[in-house]
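Trainee: Following the hints, complete the assembly by docking chain B with the ligands onto the known chain A.
Below are the chains, spelled out letter by letter.
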Amino acid sequence: MVETKIRVLVAKPGLDGHDRGAKTVASVLRDRGMEVVYTGLHQTPEMIAEAAMQEDVDVVGLSILSGAHMELFPRVRDELVKRGMGHVLLVGGGIIPSDDMRKLESAGFAKLFGPGTRTDDIGAYIEAEMAKRRARNAAS
Amino acid sequence: MRPARGTAVPAPGTACSPRSSKPLKDQADTVVNGLVARFRAGEKAALARAISWAENGSPEFAGFLREVYATVGRAWRTGVTGPPGAGKSTLVNELAKVLRARARTVGILAVDPSSPITGGALLGDRIRMEERTSDPGVYIRSMASRGSHGGLSRAASDACDAIDAFGIDEILLETVGVGQAEYDVVSATDTVLVVLCPGAGDGIQAMKAGILEVADVLVVNKVDLPGSDRLLLDLEEAAHIRHAGRSAWIPPVVGCSAGKSQGIEDVVAALERHRQHLEAAGLDAVRAEKRVAQVQRVLQERLGAALWSEGGQGRRARTLLAAGRTPYDVVDELAAALVGALRGAG
Ligand SMILES: Nc1nc2c(ncn2[C@@H]2O[C@H](COP(=O)(O)OP(=O)(O)O)[C@@H](O)[C@H]2O)c(=O)[nH]1
Ligand SMILES: [Mg+2]
Numbered sequence: 001m002v003e004t005k006i007r008v009l010v011a012k013p014g015l016d017g018h019d020r021g022a023k024t025v026a027s028v029l030r031d032r033g034m035e036v037v038y039t040g041l042h043q044t045p046e047m048i049a050e051a052a053m054q055e056d057v058d059v060v061g062l063s064i065l066s067g068a069h070m071e072l073f074p075r076v077r078d079e080l081v082k083r084g085m086g087h088v089l090l091v092g093g094g095i096i097p098s099d100d101m102r103k104l105e106s107a108g109f110a111k112l113f114g115p116g117t118r119t120d121d122i123g124a125y126i127e128a129e130m131a132k133r134r135a136r137n138a139a140s
Numbered sequence: 001m002r003p004a005r006g007t008a009v010p011a012p013g014t015a016c017s018p019r020s021s022k023p024l025k026d027q028a029d030t031v032v033n034g035l036v037a038r039f040r041a042g043e044k045a046a047l048a049r050a051i052s053w054a055e056n057g058s059p060e061f062a063g064f065l066r067e068v069y070a071t072v073g074r075a076w077r078t079g080v081t082g083p084p085g086a087g088k089s090t091l092v093n094e095l096a097k098v099l100r101a102r103a104r105t106v107g108i109l110a111v112d113p114s115s116p117i118t119g120g121a122l123l124g125d126r127i128r129m130e131e132r133t134s135d136p137g138v139y140i141r142s143m144a145s146r147g148s149h150g151g152l153s154r155a156a157s158d159a160c161d162a163i164d165a166f167g168i169d170e171i172l173l174e175t176v177g178v179g180q181a182e183y184d185v186v187s188a189t190d191t192v193l194v195v196l197c198p199g200a201g202d203g204i205q206a207m208k209a210g211i212l213e214v215a216d217v218l219v220v221n222k223v224d225l226p227g228s229d230r231l232l233l234d235l236e237e238a239a240h241i242r243h244a245g246r247s248a249w250i251p252p253v254v255g256c257s258a259g260k261s262q263g264i265e266d267v268v269a270a271l272e273r274h275r276q277h278l279e280a281a282g283l284d285a286v287r288a289e290k291r292v293a294q295v296q297r298v299l300q301e302r303l304g305a306a307l308w309s310e311g312g313q314g315r316r317a318r319t320l321l322a323a324g325r326t327p328y329d330v331v332d333e334l335a336a337a338l339v340g341a342l343r344g345a346g
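Here the protein sequences line up with chains A and B, keeping their order. Quick note on numbering: this note's numbering labels position 122 of the first sequence as 122, and the sequence is numbered without any gaps. Quick note on numbering: this note's numbering labels position 134 of the second sequence as 134, and the sequence is numbered without any gaps.
Bound conformation, chain B alone:
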């Protein structure tokens, strides 16, 4: 009865005849309801399965989320990003330790890149979080970034919703700060913590990479290594130049040594200050805007896929291009036809 990951029942109204669609839908509902019951009973395995649905883009996830959505919004979501090797996983482990000492439950989502060639991934972040594995107040999940751009942000934010609904207090979401997809992921969290370390580029490079724009808190990890004082100063200067007089929140720059468990309390204190700042500034409005952005992203993704495949756009584009038209003229023509069709339907 329990379907393996992804052997999902088709969404209602797709791919099956009206006669068979009813029982299939019932079957999907039974699967979702069964999972929701186990989820509400606090079974981590049920949370784990819900996240699998999210990352596979399984149709069951929508039904699951609908059932538990009323309890989403209690967790605080901290995105932890920065270049590979900066010490994100080590820091996440340390943050979790401090938060647990304060009796907060912790959910960790660690995203690592998939190979664009094979689609496979080696997910090794758990190694640094080993001490947390057997703590009943901690849930750790590794996630591969997989192929599509929108896919990652959807899966990661859905996974955060599931962890949140499970009743966990603090979510730590680790992503490698490399591209637009990761940027979208961290911007969906409440607090973005950017981790840098000496040797992995100076403050100017960080500015060029746009990393300061997403940061709510800047962390210089590995202060036990030479060069960290310089990096701290560079970042403080850069953060001031960027934000002073323009925003109510200037990202603090905090030094720590996650590998030596030093300075972690300072990082947590900075996270707390940002949280208080957002709560005073109107957290609900900020979060509501992020939900709107999520809807926009998912809608664009879905419309894009639907319009391209079902409209036979590929075939038309090939014909027009073969006739010597420029790509932009082809786009104009296809877009005009689509908009016309929508107007006619509306």
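Looking at chain A on its own, in the form it has when it is part of the complex:
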């Protein structure tokens, strides 16, 4: 009776005070059957990574609107790796120029979602990625 669920941490690093977007994504993922841990505003990279580790999530989703993504996103990645959580599917979204998206995607982020992304596309992407990973793990 093994029952698996996709567990996701949705977090907002940095100082911007708007979490409507993050909350919307969190509830869309919940409605797709995922278990979403939401940690609230103003999280430091250390807090996000620590929560991801304690919660043993499969996915970490970061949302940022302040423009500090090039400073904060890589630090979250570093803190995750430091805690042995380099395997999580790491995604991010917010107001991020496409140049920065590419840079982050070659620095350990699986995918960045720009403004105007449909939240259902985020959900579908996570499901597809997790299905691939689980198939790979089952085969090994």
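Please note that the accuracy of each hint is not assured.
If the Cβ cut is set under 7 Å, some of the chain A residues that face chain B in the computed set are [as the list claims (entries may be wrong)]:
| hint | residue |
| --- | --- |
| 1 | T4 |
| 2 | D31 |
| 3 | E35 |
| 4 | G40 |
| 5 | M47 |
Everything labelled a hint here was simulated from the structure, so no lab data went into it. From the three backbone atoms N, C-alpha and C, an ideal C-beta is built for every residue, glycine too.
Mentor: Structure of chain B with the ligands alone, referenced to chain A:
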């Protein structure tokens, strides 16, 4: 090598040929042993993975628990339950703060309901416990109640065992006090703290909901709000009517304001008194009975599933019902056949 959550190796003796079952079992043992080593070294990530095994019902959990079971039983388990919005998470955070100030390590397990429709869950209790996130002496885990009834109590009590074996002193288990599943969960703890607040129903309603029956300590939170004096009096009266002359422990009623960090020491003092009471009354016997209840629940769950699926009971039931038999007659017939088969085998 590290399998993702739930891509578990089948339990020994299931679903694989005798030839392939041996290496698969070895592989599972290696995974379990690797985790146990990291767990013993104090890696929180290993504790986190063990809890994932527990909540997924992965076969690795049984092997893990066997390895660490000798160290289970040192933690004190406090269940915190009550209606949504009563302030349970806020109070758990405050309790953790006081316990940490006394140099006790704290494990928090916060259970929130899963959607019965989609199976998803939004787990937001950590927001109120944010100050504790970076404290090395604290571990916080959110858990969704998921589908099955027995599943939640099994996963939650397994998670408590893992946290306990990790060497943590105090476990705070938060559940929304709504149904039988949550009732089973909190009754597996040592001390049950029921949190109410003014506006979320008076003492009489609490009595109707059966919430007083599970409470070892009754907390009225939000005493900064009007109506709390009345609720305190109602609950004291109700607790006395229910328990006086009948039990050695009458649940104390304590007021606090978790949101304002007031009265938390009084709550901790009440928890301590209950602990002393249980220790004087024979804690080992009480805990042993709870383990028996756990075995009974898990056994019933497993037998129920095994009998229904493997016996072809569904097919037989459909045939009998289609022939116009009442559900009770069908049950009688199926049960008689099963008991007969067991007798024949025994
Ligand atoms: N006025 C007041 N509000 C409180 C107090 N404790 C918690 N709250 C608020 O009650 C709401 C629910 O709290 P939460 O801890 O999430 O409740 P839970 O659903 O029982 O876990 C939040 O908005 C809290 O800020 C208190 O002592 N006084
Ligand atoms: Mg809560």
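Trainee: Evaluate each hint against the coordinates.
Mentor: Going through the hints against the structure:
no., hint, result
1, T4, "holds (3 Å)"
2, D31, "holds (5 Å)"
3, E35, "holds (5 Å)"
4, G40, "holds (4 Å)"
5, M47, "holds (5 Å)"
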